[in-house]
Amino acid sequence: MRARLSRNTPGRPKYFLAPWGQNVAKRRFRGGIIALSALTLLLAACGSQPPAPEQNPAGVESRTPGAVKVDTTPVAPVKLETFDPSSIAALKDPRSPLSKRSVYFDYDSYVVKDEFQALLTAHGKFLSANPTMKMLIQGNADERGSREYNLALGQKRADAVKKALALLGTREDQLESVSLGEEKPACTDASDECWAKNRRGDMLYSGEF
Amino acid sequence: MRLHRLFLGCAAALALCSASSHAQLTVEITGAGANRLPVAIADFRGERFVTQALASVVRADLERSGLFRLIDAAGPLADNATPPFDDLKERGADAVAGGSVSTVADGRYETRVRLSDVPKQAALGSAAYLHTGAQLRATAHRIADFIYEKLTGEPGVFSTRIAYVVKSTGRYELKIADADGNNDQAALASREPIISPAWSPDGGKLAYVSFEAKKPVVYVHDLASGRRHVAANFKGSNSAPAWSPTGKQLAVVLSKDGSSQLYVVNADGSGVTRIASSSGIDTEPRWSPDGQFIYFTSDRGGSPQIYRIATSSAGAGAERVTFEGSYNVTPRPSPDGKSLAFIARNGGRFQLALMDLATKQTQILTDSAKDESPSFAPNGRMILYATEIGGRGVLAAVSSDGRVKQKLSVQAADVREPAWGPLVR
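Quick note, the sequences are listed as chains L and E, same order. This note's numbering puts the first sequence at residues 1 to 209. This note's numbering puts the second sequence at residues 1001 to 1425.
Next comes chain E alone, as it looks inside the complex (with noise of 0.2 Å):
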């Protein structure tokens, strides 16, 4: 027993590591909040391999967000232990976690964790998980989860995936991964360009633009199965898919009638409805979260803007949401409806730009130059998106007020399309 213990301890330890010896994701801090809140994690009891790996990534979860400042703990602390509060007091931090892990008897391990409130010396919560070795990194972002939420009242992201597509020479791959950049996979690997990816509000599919047919052509991808089906292919271009909030329909771009148009349809490619018209281009459409209205870009006004349209009233007016500035590009609602993401142009620089839906006011997010696709965590605090450093495609992200800015980047390869997924309940 002792020896399988021992196994399986390694088996994780070797798991947390073994996503690293190829082209991952690397997530880099460069920016954080003004003001983070104090937090220790303490080493969890138990088998050491096991503590240690699954500590280590709640607290780089934890700092990655920006929100908090680690505090150490000295010294491992349980789940049923009395944390040390003056110490910890006299250290800084607001809250504390502490935790245990053990064997159940088919293998697989419980891990109990409970927060507290340092100044008040009063528990704030507690939580247990059952999970194989391999599951260790899926439990760690959950107890992340759990703190983030106790502590910010906003639910964590860091159990989420993200999607992306990685070009490298004459290769270009659809990614997913978990939302720190590791345990990457590939969806699908192609000779011809990947662009668009969109996940489903359910998280189990992926619809995308792929070229393979020497022309644009959406796809929907079912990422447990594997299996896939065409949505649009029409003479002409096919792109720009987007679900709707009941995952029933996509919204995507056709050039079938002439020019890029606007048109929706079920998710399995069938009624195909246009849903707005002008003489020029309309793309990029995107259902705000409520499903009353599609944004998009149109260049209707003589240059390209954000518009929107109420999918309630078919055949009523496009309403322009963008007027400063010759390029708006690229609306992306918030999770909560109130702001608006887009790409601006200023003065030859592309910057990601966020306005409010209520005042207009807009709010420059960045100080790069090549920013695209821009991509809202599911909570809505931060930003994923596309941009370039020193000639190559990376990832970035930014939270909503600008402060916290994280760089993820692949070695040797252009980064790109980034989509984050929504949450997993």
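Next up, chain L with everything else stripped away, as it sits in the complex (with noise of 0.2 Å):
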């Protein structure tokens, strides 16, 4: 893959840098496209978050700042890697799903609601293409009723998520769950919104607890 980026690259930067459609010719708009293809690939196939559609130029261009040096220097897959959403930068990198870290729950409930799977999913892929890594799940609850009661509510939504990672093949070493009850509410009004707030399971890395 690497080979046909290079081949195609020596001593044509116009031809990237050009607007697109006019003067460009057929063939090497092809080869660009195969290129940006490749590109695009490599990224799905590390399970990435979706880039813009195949064969759409708006949406590759749109991209390509990057893509660019990839093609004019050799060092081409350190740039991918900044894509890569397997890597632990992914978890801290506001554009990557693996940011978002809770998933809020109904009064009185430990239910996973079907809103939160597409979550859940992109971080169990996380955890098995990084097998060293850990989570530790922090079960919450909102601040009405018995405060014991509100911890083991707490552990049943940090274990709802803990079952929803493991349906997901994330190995059951990688995942522990504990509650900190009504102890460590995210937002302190006695208000409905406030509440709902309250109510989640937050999924902590190895680092991160």
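By construction, these hints were calculated from the structure, which means they are not laboratory data. There's no promise every hint is true.
So the derived label-pair ranges between C-beta atoms look like this [claimed, not checked]:
1. L:Asp189 <-> E:Arg1048: 45 to 55 Å
2. E:Ser1168 <-> L:Phe209: 23 to 33 Å
3. E:Ala1128 <-> L:Asp189: 51 to 61 Å
The beta-carbon is built from N, C-alpha and C at its ideal position, and this holds for glycine as well.
Since each chain sits alone in its own frame, please combine them into the complex, following the hints.
And the structure:
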């Protein structure tokens, strides 16, 4: 793949810098698409966040400032890794779903809602790709009712997140679920809005707990 | 010698006042019993500093109980003098206590007290205490206990202690104080939450849950030495410690095998045995005083309710105890085992409830909305609990008939997780 990239690039930087359409020869254009598609495939193979649809010039263009350099320098793989969704950096990258760490629950409930399946899938894939990483799942509850019952409720929520990740193939020894009950509220007002933010499971990775 | 005595008197008076200089619990009486017994506590004979301090603590104790109405005795009365019965009868007193405080050879005090029945003009009993100046408050509580027991037939709880947690900004303190809120001392201070303190039956230890390891871990803390050990620290959460009546075991809630489930461990943390199992939540275990049952909260029926299991027949089914409403939690059997205090949710309000275990009749004891963590006084007369007033955590106490009410608060801090200690003998 790299050979192909380098064969197309020497001496033709203008080719990529030129605006799309107009004076660009069809053959060269196809070559560019192949190179970019290869890049896209590489990203997709790593389980990336949806890149722009293939063959969509507009989408490709909006994501290509990095690709220009890929084509002009032989250290392309280094650049590619900054987009690797299974890298540790992706955990804090706001573009990555992995930067989202909370699963929210209904009142008195410990059922993981469907809307969090995609998030859990992303974290499950990350944990499978990084078998040395461990995750601590902290379950939380809103302040209403018994502290100890809320501690148990938080545990159930953390367990539900753990179970969902295990079903996605994550090894049990990578996961620990604990509860903080109602003791660590994210929001301290006595309101429905605030309580909703406190009924959650937080996913923390090695080095974060 | 005179100077020496004066110094001791001052020291005693200082000891009485010193505790009020920092954040201590203040008790406010917000309701009283319907038929309060009129009683006169005369000033005792002896050094004024000492006797006045002593009598004022005795009076405050009796008044706070809500069972007595204090009558002015109009003048001091020694334990060996005949009370002015006619005058006291006219004032409406049914009982009168008098006493004397003298200094003994080693500089300690000897306090003697006598209680008399006014209408019968007869002595009800007398008692004597040897104590230092620093033990003045403790002596006054003992005198109040003596009077209380003579007049009600039940042991008094003025000499007991309470544990609670104070939360101020970024700081949690597990405190131990006298039942009247005085002499508070911190057993543990932490940046992380502390919950669920539970007294050992002998009053020497506290089990509690601390989050200092970033997750709930159960500790047992010896109060006299300040030493403690981990009683349960397994994978997952460890919480809700409850002492067996013998003090040899703890019931705890562990999530090590998935979900929060009930286990029993030896107080040193050895010998973990699971005692119940459900696919949902089982928590808040509490032994009945006779050791026959463990009451607990479970959502096995779909909503949190109170159940009990017999300790003698391991593996036997759990028996459901509460049926009304969709949220009944935190069971606390009374010291006589005849009733059960718990928290019930009524239309979004969490209130302290009391069930007669024989008839299953339940009475709501409070009109507040955020009640938590009830704890019986060791004589069963009052129930201490946490609630919220004006957005701030306070402790409150209510008599088991719902009539007598007290509020215990600390200025500018949240108070929660009360646990009333056992009787000291």
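Broken hints, numbered, in rising order?
-> No hint contradicted; all consistent.
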